[in-house]
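Visitor: With the hints as extra help, turn the sequences into a complete structure.
Here is how the chains run, residue by residue.
Protein chains: 6
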Amino acid sequence: MRLLLINPNTSPGVTETVARAARAVLPGGVEVVPVTGRFGARYIASRAAAAIAGHAALDALATHVDDCDAVLLACFGDPGLLALKELSPVPVVGMAEASCHLACTIGQRFAIVTGGERWPAMLEEFVAAHGLGSRLAGIRALAPTGDVLTRDLEAGIAQLAAACRLAVEQDGADVVILGGAALAGLADRVGEAARVPVLCSLATGIQMTLAAARLQPRKAVAGSLARPPSIESVGLSEALGARLR
Amino acid sequence: MRLLLINPNTSPGVTETVARAARAVLPGGVEVVPVTGRFGARYIASRAAAAIAGHAALDALATHVDDCDAVLLACFGDPGLLALKELSPVPVVGMAEASCHLACTIGQRFAIVTGGERWPAMLEEFVAAHGLGSRLAGIRALAPTGDVLTRDLEAGIAQLAAACRLAVEQDGADVVILGGAALAGLADRVGEAARVPVLCSLATGIQMTLAAARLQPRKAVAGSLARPPSIESVGLSEALGARLR
Amino acid sequence: MRLLLINPNTSPGVTETVARAARAVLPGGVEVVPVTGRFGARYIASRAAAAIAGHAALDALATHVDDCDAVLLACFGDPGLLALKELSPVPVVGMAEASCHLACTIGQRFAIVTGGERWPAMLEEFVAAHGLGSRLAGIRALAPTGDVLTRDLEAGIAQLAAACRLAVEQDGADVVILGGAALAGLADRVGEAARVPVLCSLATGIQMTLAAARLQPRKAVAGSLARPPSIESVGLSEALGARLR
Amino acid sequence: MRLLLINPNTSPGVTETVARAARAVLPGGVEVVPVTGRFGARYIASRAAAAIAGHAALDALATHVDDCDAVLLACFGDPGLLALKELSPVPVVGMAEASCHLACTIGQRFAIVTGGERWPAMLEEFVAAHGLGSRLAGIRALAPTGDVLTRDLEAGIAQLAAACRLAVEQDGADVVILGGAALAGLADRVGEAARVPVLCSLATGIQMTLAAARLQPRKAVAGSLARPPSIESVGLSEALGARLR
Amino acid sequence: MRLLLINPNTSPGVTETVARAARAVLPGGVEVVPVTGRFGARYIASRAAAAIAGHAALDALATHVDDCDAVLLACFGDPGLLALKELSPVPVVGMAEASCHLACTIGQRFAIVTGGERWPAMLEEFVAAHGLGSRLAGIRALAPTGDVLTRDLEAGIAQLAAACRLAVEQDGADVVILGGAALAGLADRVGEAARVPVLCSLATGIQMTLAAARLQPRKAVAGSLARPPSIESVGLSEALGARLR
Amino acid sequence: MRLLLINPNTSPGVTETVARAARAVLPGGVEVVPVTGRFGARYIASRAAAAIAGHAALDALATHVDDCDAVLLACFGDPGLLALKELSPVPVVGMAEASCHLACTIGQRFAIVTGGERWPAMLEEFVAAHGLGSRLAGIRALAPTGDVLTRDLEAGIAQLAAACRLAVEQDGADVVILGGAALAGLADRVGEAARVPVLCSLATGIQMTLAAARLQPRKAVAGSLARPPSIESVGLSEALGARLR
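Residue numbers (my numbering), protein chains in the order written: chain V, 2 to 246; chain P, 2 to 246; chain B, 2 to 246; chain G, 2 to 246; chain Z, 2 to 246; chain U, 2 to 246.
These are computed hints drawn from the structure, not numbers from a lab. Just so you know, not all the hints are guaranteed correct.
Each pair may be met inside one copy or between any two copies, as identical chains are not told apart.
Stated by the list, open to error - Calculated lysine to aspartate or glutamate pairs in the DMTMM-like style (CA-CA distance at most 25 Å, straight line): (1) K220 x E239; (2) K220 x E193; (3) K220 x E126; (4) K220 x E233; (5) K220 x E170; (6) K220 x D67; (7) K220 x D70; (8) K220 x E32; (9) K220 x D68; (10) K220 x D172; (11) K220 x E125; (12) K220 x E118; (13) K220 x D189.
Quick caveat: nothing in here was measured; it's all calculated off a predicted structure.
Guide: What follows is the structure, encoded as structure tokens:
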């Protein structure tokens, strides 16, 4: 099985972090195909950067999906998720979507801990749009974005762990999602003090993508995620233009 | 890995169907431990039968969980689910819960097709209680319960397939869950005509249970699913009484 | 009129408290038939104990309902409520259900004050499942369960009164429900300081059960609370098995 | 006990119908004080008529509440309900409010059957505003208003019965409310064919008002239904002006 | 264009404030027709006063709408709004309704700052009834009502500005509505410190009323806001009685 | 005043239609600056095309906003709306957002009629995400997209008018939005038969944009729509890269 791993940030270093963490949890026989966004913000931490990343993720999918069996959109916030599901011939799972749904099987109310002060509003809207608002205990975001938090790893882990504790004690979370591509692999270290399970959004995303892929769902030819009618376009990459046609 | 498969119906034949279907999709190295409810209705198709089954499922968990790594509650409707999660030292996933959450990653709106005329009201309440009401396209239940539907297999499949088509065409489903332990393994045959993915609730339950188990979430010691304070009891099986104490 | 009073706890002492408090508010001509659960936890304060109690309450109803005109399920949290309504030939009202609905006619937003640290999550889910989430101001539970709180009555009352005041001042409640069988009869003493009405969950349950009984609603033969199709069972009490058949 | 029965319609004939039906179900020792609105539409079947009736109901309460122990607002739709609760020293219950809440203890989903083509939108908003939208199966209104329906009683009953049947078969109601002051007393005759319980909104209103009154809730001095700060007014009846002051 | 400005308070001084503020923002060619309620509380700050004001606003509309092209209901809380829309031949917009909807185009979550301790509960219900509950960040009301706040203007502005800041910092508002007829014209002075846009409810109401009027929507002859069937009435002003007939 | 009109379709013909219709309703002194998307689908009628259009609309805003006083995003569905609001120094209003909010002041429940079979699911999600789900009566989309519908104008108008009638008669709409840039200017002709007001989404968008602009709201420097922290990017247009920095 080949798993396309789309990092719609334009920082190859984040892609490497994600790919390394993915390989650490993937079972034998699953190959990862990591791809970095061709254009857009270096790190996605605003509505504008996320809107651009939706296009960049589509562009990456169009270019690389053909030999793959499933796709993980590896930016917590899942820019362009439904557009990717619509165009893709194979299952596409978003890291945030996967984490929120799987967390609901672990606890009654989940919290999200992440980095970047603009994310809470965006993620609250994301959770509500996915119909999971009643399961959300709260979102706690540190001011520095995920990539910055990992520069001084010990300090970052201490800050994240403190946020997890508050999510349990003050927000009433039964389970915490440590959200963010740049934070992949840190859940174990952060979770020790939390007293409830702490999920790594990347590991959770990978497990959910494998679960979906193994069910081998047919590509819909009806409904709102079927391939859309052919349309001409201008100014897009050749691969994306071809996939819209 | 050992996977405890609890069938809270008291029909060993259904347990065998479920175990066989489970073994067909489980990867190497995962052993299934199938258990049948000790008391209750032969088939669960009413609120009363489901209430009793919640106790029977707890009883089965208390007796058999100790050597297992995860638990799948294999009755679509998940009787006693939160009580099992509370008492269990390892992850517990319900077949309906798993199907609904995974379906949300495959389509925007899911439908449920099952057997038993009392199930739609109960399942609509189940979906709402899990916070997924906005993702539900509809529930279509044939009058015969699942075990009856499979007695004349070809006729049953034709009826289920027709219901799936209506779920897509009239209810606007992007994905359909074929719900019910007794219907395990039929999704492929039912799904051909549906034009959207059709998920087998047992196969989906297994994939989600494996996904949760592989994340190895700690048992919560805080929150609403932590082990509850010790309490004395009367009239219960020794195993269940011991686990409450 | 004969009113079946089901205490699904297995503590006869709580049943006596409830029966005494019930007789204090019942009008002439109404006889109370108090019953204690045959099996389960001594006191219900967890999801597991509540799941077992649903079965125990059904068992009690099956055994004792035949000469009665209405049923009050006298455990705040109403374990097995819908199953009882389904099987019972006469109206069944839950103490929590009754309190929440009647409270809505007294104030715009109600709060619940009770004992037992596991109850807030369970009751929040209960209120939401009954469709009353938008009317809930908050739930405040003292750590000791209701039966423990009454061992030192004056101290217990002081703690409960303080919680009522916070429910009004911080949560914005217009009315407070003092929830719990073991707290029956204490609302007046607790309520003096609250500045809004404080309802005794048992007294409210009784008034609502009488209201429902006096309307003499027909037993439904359609819809989701009609008597379900006959089903064989194993391992149940003779009375319950007979009622399922 | 004295029960103030406010008919905010300005048709004394409807008041007489309501009073007669009330006396038929009231227990001994409860006296009814029927009052007709002083101004407004002859029959309330529009938003404008209902808005005026809110003022008329307040005016009636201000004039007549002083010797009474509880108030039933006997127009299905409950014009001015919260304003009455705010001003009144004793419990006030609305006929629609009472019916909806009590119906929730009889069935999982209730329907409303009434007369007057403008009522469905108004009642749907009423039910939603009371937080019970998820419990509503549907609203079916015949074109003639309630007072017109009773002019040819047998024909009216046949039409209402047919609407009740549709509410069960097509909308999935577990219980039906026959709503409207002018339809008081007809539930039994209408309900025979419905296969689920049919509640008379007046009888239900009376039982709920008695239930609330017997709990003798204190008048709130905090929260959103406490008596408001004194305010001068112009152009009102002496009694209402005095009560605002 | 003639714009009917209904102040359902019975204080002509507030009407003058509102009219002056309206003229300051109206474009050339739009004439304002200010009207004061004929009866009711001097200032609306309770449920009872608002219920009476619904009638008074209808009365004013019936008397004065005939030469006007649109109506602004200039009391934040919009008493009688839907009844006015039903009866009026021209568009009617409420000041609170307009502010909430326009605020949603300026920010994701809006807060309301106003005067009068009874308003928060009433406005929270108003926002929910208009379907905008998920967009509401919070409501902060100073204890003095709007007319009292403006008696010591500098102190009032300081208090309002502090409330706006808290709405942003603690409630997470992206935009704040300064609600209340008596506070018309103060948004600019209050808003300097808020760090997000602060909307004057009167200016916003006027812009929305102009927007609606310029679209020249037909009067509905179907649906829930069409003119209702003719009905006789008693005790109303000649103009209102005629409009109901 | 200069109004930037962004058509994120890449069809200059649609831009011309929109600009012409805009000029027909704009008051004197308002100049329109029409812009066509630089890249993307010729017509937006799928999730993928909308995701790309979010980037294209941002690109257009970054290039052209500097001399403008307000922005109208003139594609019904509002791709990239919140990202534009975040980056823009002046108010940005989406055509769908504007239509839905203003429609709420005209009727209690609104319907949307448009072209393109993929739009209903996308628009239902849009309406829900904007918190207006409870106000939505229904969405009816003809199979041909808007640009195709106008090729045979009389036939297209007849089809749209029929859909409007169904929205009123079957879905219970009080007001209908004729949604779509390519349908600008047709509301009057479509609306004659509808019996409720029919709003042109472009005209409504323009009136709402003018209303917002005339309030001259400050650009937020706090909250979720403030300008985000500076970030480096790659592969974007110079104007967009500069605005992110």
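Visitor: Of all the hints numbered above, which does this structure not satisfy? Sort the numbers upward.
Guide: Failing hints: none at all.
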